[in-house]
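K.L.:
Chain by chain, the residues run as shown.
There are 6 protein chains.
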Amino acid sequence: MPNKKEFAKERERLNKLILDNSGIEIKRFFNLDTIIYKDGKLSARIKEMLGLVASLVLRCDDCIKYHLLQCKDRNLSTEEIQEIFSVGLIVGGSITIPHIRKAFEFWLDLND
Amino acid sequence: MPNKKEFAKERERLNKLILDNSGIEIKRFFNLDTIIYKDGKLSARIKEMLGLVASLVLRCDDCIKYHLLQCKDRNLSTEEIQEIFSVGLIVGGSITIPHIRKAFEFWLDLND
Amino acid sequence: MPNKKEFAKERERLNKLILDNSGIEIKRFFNLDTIIYKDGKLSARIKEMLGLVASLVLRCDDCIKYHLLQCKDRNLSTEEIQEIFSVGLIVGGSITIPHIRKAFEFWLDLND
Amino acid sequence: MPNKKEFAKERERLNKLILDNSGIEIKRFFNLDTIIYKDGKLSARIKEMLGLVASLVLRCDDCIKYHLLQCKDRNLSTEEIQEIFSVGLIVGGSITIPHIRKAFEFWLDLND
Amino acid sequence: MPNKKEFAKERERLNKLILDNSGIEIKRFFNLDTIIYKDGKLSARIKEMLGLVASLVLRCDDCIKYHLLQCKDRNLSTEEIQEIFSVGLIVGGSITIPHIRKAFEFWLDLND
Amino acid sequence: MPNKKEFAKERERLNKLILDNSGIEIKRFFNLDTIIYKDGKLSARIKEMLGLVASLVLRCDDCIKYHLLQCKDRNLSTEEIQEIFSVGLIVGGSITIPHIRKAFEFWLDLND
Numbered sequence: 001m002p003n004k005k006e007f008a009k010e011r012e013r014l015n016k017l018i019l020d021n022s023g024i025e026i027k028r029f030f031n032l033d034t035i036i037y038k039d040g041k042l043s044a045r046i047k048e049m050l051g052l053v054a055s056l057v058l059r060c061d062d063c064i065k066y067h068l069l070q071c072k073d074r075n076l077s078t079e080e081i082q083e084i085f086s087v088g089l090i091v092g093g094s095i096t097i098p099h100i101r102k103a104f105e106f107w108l109d110l111n112d
Numbered sequence: 001m002p003n004k005k006e007f008a009k010e011r012e013r014l015n016k017l018i019l020d021n022s023g024i025e026i027k028r029f030f031n032l033d034t035i036i037y038k039d040g041k042l043s044a045r046i047k048e049m050l051g052l053v054a055s056l057v058l059r060c061d062d063c064i065k066y067h068l069l070q071c072k073d074r075n076l077s078t079e080e081i082q083e084i085f086s087v088g089l090i091v092g093g094s095i096t097i098p099h100i101r102k103a104f105e106f107w108l109d110l111n112d
Numbered sequence: 001m002p003n004k005k006e007f008a009k010e011r012e013r014l015n016k017l018i019l020d021n022s023g024i025e026i027k028r029f030f031n032l033d034t035i036i037y038k039d040g041k042l043s044a045r046i047k048e049m050l051g052l053v054a055s056l057v058l059r060c061d062d063c064i065k066y067h068l069l070q071c072k073d074r075n076l077s078t079e080e081i082q083e084i085f086s087v088g089l090i091v092g093g094s095i096t097i098p099h100i101r102k103a104f105e106f107w108l109d110l111n112d
Numbered sequence: 001m002p003n004k005k006e007f008a009k010e011r012e013r014l015n016k017l018i019l020d021n022s023g024i025e026i027k028r029f030f031n032l033d034t035i036i037y038k039d040g041k042l043s044a045r046i047k048e049m050l051g052l053v054a055s056l057v058l059r060c061d062d063c064i065k066y067h068l069l070q071c072k073d074r075n076l077s078t079e080e081i082q083e084i085f086s087v088g089l090i091v092g093g094s095i096t097i098p099h100i101r102k103a104f105e106f107w108l109d110l111n112d
Numbered sequence: 001m002p003n004k005k006e007f008a009k010e011r012e013r014l015n016k017l018i019l020d021n022s023g024i025e026i027k028r029f030f031n032l033d034t035i036i037y038k039d040g041k042l043s044a045r046i047k048e049m050l051g052l053v054a055s056l057v058l059r060c061d062d063c064i065k066y067h068l069l070q071c072k073d074r075n076l077s078t079e080e081i082q083e084i085f086s087v088g089l090i091v092g093g094s095i096t097i098p099h100i101r102k103a104f105e106f107w108l109d110l111n112d
Numbered sequence: 001m002p003n004k005k006e007f008a009k010e011r012e013r014l015n016k017l018i019l020d021n022s023g024i025e026i027k028r029f030f031n032l033d034t035i036i037y038k039d040g041k042l043s044a045r046i047k048e049m050l051g052l053v054a055s056l057v058l059r060c061d062d063c064i065k066y067h068l069l070q071c072k073d074r075n076l077s078t079e080e081i082q083e084i085f086s087v088g089l090i091v092g093g094s095i096t097i098p099h100i101r102k103a104f105e106f107w108l109d110l111n112d
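Protein chains in written order, with the working numbering: chain A, 1 to 112; chain B, 1 to 112; chain C, 1 to 112; chain D, 1 to 112; chain E, 1 to 112; chain F, 1 to 112.
Isolated chain A, as found in the complex:
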């Protein structure tokens, strides 16, 4: 799974770059961004699904990959991922297809 490690490492490196050069506001945003996905009335598992479909309809490949990693850690099955993509596809239209293509490949790599 080199794909996965590289992605996570590059993400971390750049996040550090931001935080080292940022004021308190950006740090607080990043912090809030972590807290919101924690277990609440809704489980972290469901919240990651929500983050994934939101990233898909907004068409952000990096965000999709990040949430796929989280979904993998929470043991989502390929069938579940595929149904999340279905909802994103019908809501967001064919313009999401190139992102679904890359997402599927990344997901299958994670499960190899």
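One should not assume that every hint holds.
The list makes no distinction among identical chains, and a pair is therefore deemed to hold if it is satisfied within one copy or across any two copies.
DSSO-like, lysine-lysine: derived pairs with alpha carbons at most 27 Å apart [said to hold, decoys possible]:
id, residue 1, residue 2
1, K9, K41
2, K16, K41
3, K27, K102
4, K38, K4
5, K41, K4
6, K102, K41
7, K38, K5
8, K5, K72
9, K27, K38
10, K5, K27
11, K9, K27
12, K4, K72
13, K16, K72
Simulated from the structure, these hints should not be mistaken for lab results.
Following the hints, put chains B, C, D, E and F in place on chain A, whose structure we already have.
P.N.:
What follows is chains B, C, D, E and F alone, placed relative to chain A:
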């Protein structure tokens, strides 16, 4: 709940207008749009949550209202709705706030 | 067709408001915005179709109405309009449906 | 200026509705949303201009109105507002025009 | 034209990946996505133009390339393509320019 | 600063490609796009900030880089850039973070 009834009635009236004047393609899209939210590996309940957060980050008031009605039928609590909004808010930013305002009001009306 | 007249009048009133309070740049943009839809290698008729589908996938009701008026002046049929909507719907997804609803109603009013 | 008062009052009413029904995350987001526009290396005046142009290219009428009110409090001139709109218009295209129309009207009302 | 062949091959490979791992809903969406661009009241040629401008204003490089390939197969001239880009540019604004740059290069490659 | 030079050179090469193959409309748009950022009531310095935040919330990496180069030429400090990013982040949400990551790296490279 006049708000709810009116919304549903107007939606139905206009959908009929579309379908009466449409070819097979639009009819098939509408049909697919219904099927995708049915129970599969993921429950219809979770799929409605996905539809709601997708509608929120794409900032469509009508779509948000529609999914709130579905969420009401599937007995989501105000706490669950509020956590879905949190995810949408952090992903989509403050630009989603005016939509969250209207959505909260609509949701509370539904629960009166 | 009061709907049509009102829409056109309100649009004109507000455009005048902008131009009366604007510098040369906004005036030039508005001017360019008119020129681009004129007959070229592509007919004005086809360009209006392009403007309509672009407005639909970007989900701007006012822009959709404006291009529908232009399409009416260029004698597009309801079948043609409906096929333009099909393309917008498949590209842009179900999030465009509330706009298609209003657009269909406006178009049918124009043809009454 | 009834337009202005009504807008501010309605906004406040709905914000209260959200905060009364929200957990800590949404409250923290709202709080951060206030802090970010305060004087820093960049003045609050410039930050409001940034908020205005961001709202314009993302095409959110409510957000535009809110920032116009803030810009008024910071004594921006109509010429300055109009140049902010020019940048938003060139970046965001003609799809922003219906929003500029409403924004201009709201701004001129504020200055009556 | 290695650019063209590679693009088409990669697209096909990833579409197969999706379809091999998808349920009936995604397959039906893909099917509908093909049907909608076929000759109807509007010719397939015009529908491809619509797909192209929609992809441009939604700023999806892969979708733009796909529709450019279809436009090439339907013998659109560089002048026609350029006028489609003009409409997309005025509607979508300068934010579309980086996509127009890549699109023009891809198109000229196709015509070499 | 090879990063910077390469970016500027590639941008110029492709702009030339567009202009060599374009009619008067696209040329006029490009021209207007230059004029709008010139000193007016608002300084070119502030207008570049506006262009930067607009590019960030619309999530266009190329546009962000271009405006960062302009901001560098106008001597913006890292603190100022970071506050512009804060506004973009709160307005546009976490979906802008991958773009902020790349933007920060590009900016720091420019200042090495």
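K.L.:
Measure nothing new, just compare the shortest in-copy and cross-copy C-alpha distances for K16 and K72 to 27 Å and report within, between, both or neither.
P.N.:
both (24 Å within a copy, 22 Å between copies)
K.L.:
Please sort K27 with K38 into within, between, both or neither, judging by C-alpha distance up to 27 Å.
P.N.:
Both ways: K27 and K38 sit 18 Å apart in one copy and 16 Å across, limit 27 Å.
K.L.:
From the Cα coordinates, with 27 Å as the cut-off, is the pair K27 and K102 best called within, between, both, or neither?
P.N.:
between (30 Å within a copy, 17 Å between copies)
K.L.:
Given a CA cutoff of 27 Å, do K102 and K41 count as a within-copy pair, a between-copy pair, both, or neither?
P.N.:
between (32 Å within a copy, 22 Å between copies)
K.L.:
State whether the alpha carbon distance between K41 and K4 is at most 27 Å within one copy, between copies, both, or neither.
P.N.:
The answer is between: 26 Å across copies meets 27 Å, while 30 Å in one copy does not.
K.L.:
When Cα atoms must be at most 27 Å apart, do K9 and K41 count as within-copy, between-copy, both, or neither?
P.N.:
neither (31 Å within a copy, 32 Å between copies)
K.L.:
If the cutoff is 27 Å on CA atoms, where do K5 and K27 land: within, between, both or neither? Let me know, please.
P.N.:
Within one copy only: 24 Å inside, 32 Å across.
K.L.:
Which holds for K38 with K4 at a C-alpha limit of 27 Å: within a copy, between copies, both or neither?
P.N.:
within (22 Å within a copy, 32 Å between copies)
K.L.:
Should K5 paired with K72 be assigned to within, between, both, or neither, using CA atoms and 27 Å as the limit?
P.N.:
Within one copy only: 13 Å inside, 34 Å across.
K.L.:
Between copies, within a copy, both or neither: which fits K4 and K72 at Cα up to 27 Å?
P.N.:
Within one copy only: 11 Å inside a chain, 35 Å across chains, cut-off 27 Å.
K.L.:
I want to check one pair: K38 and K5. Are their C-alpha atoms no more than 27 Å apart within a copy, between two copies, both, or neither?
P.N.:
within (23 Å within a copy, 36 Å between copies)
K.L.:
Using 27 Å as the alpha carbon limit, work out where K16 and K41 are close: within a copy, between copies, both or neither.
P.N.:
Between copies only: 22 Å across, 31 Å inside.
Taken one by one, the earlier hints fail for this structure only at number 1.
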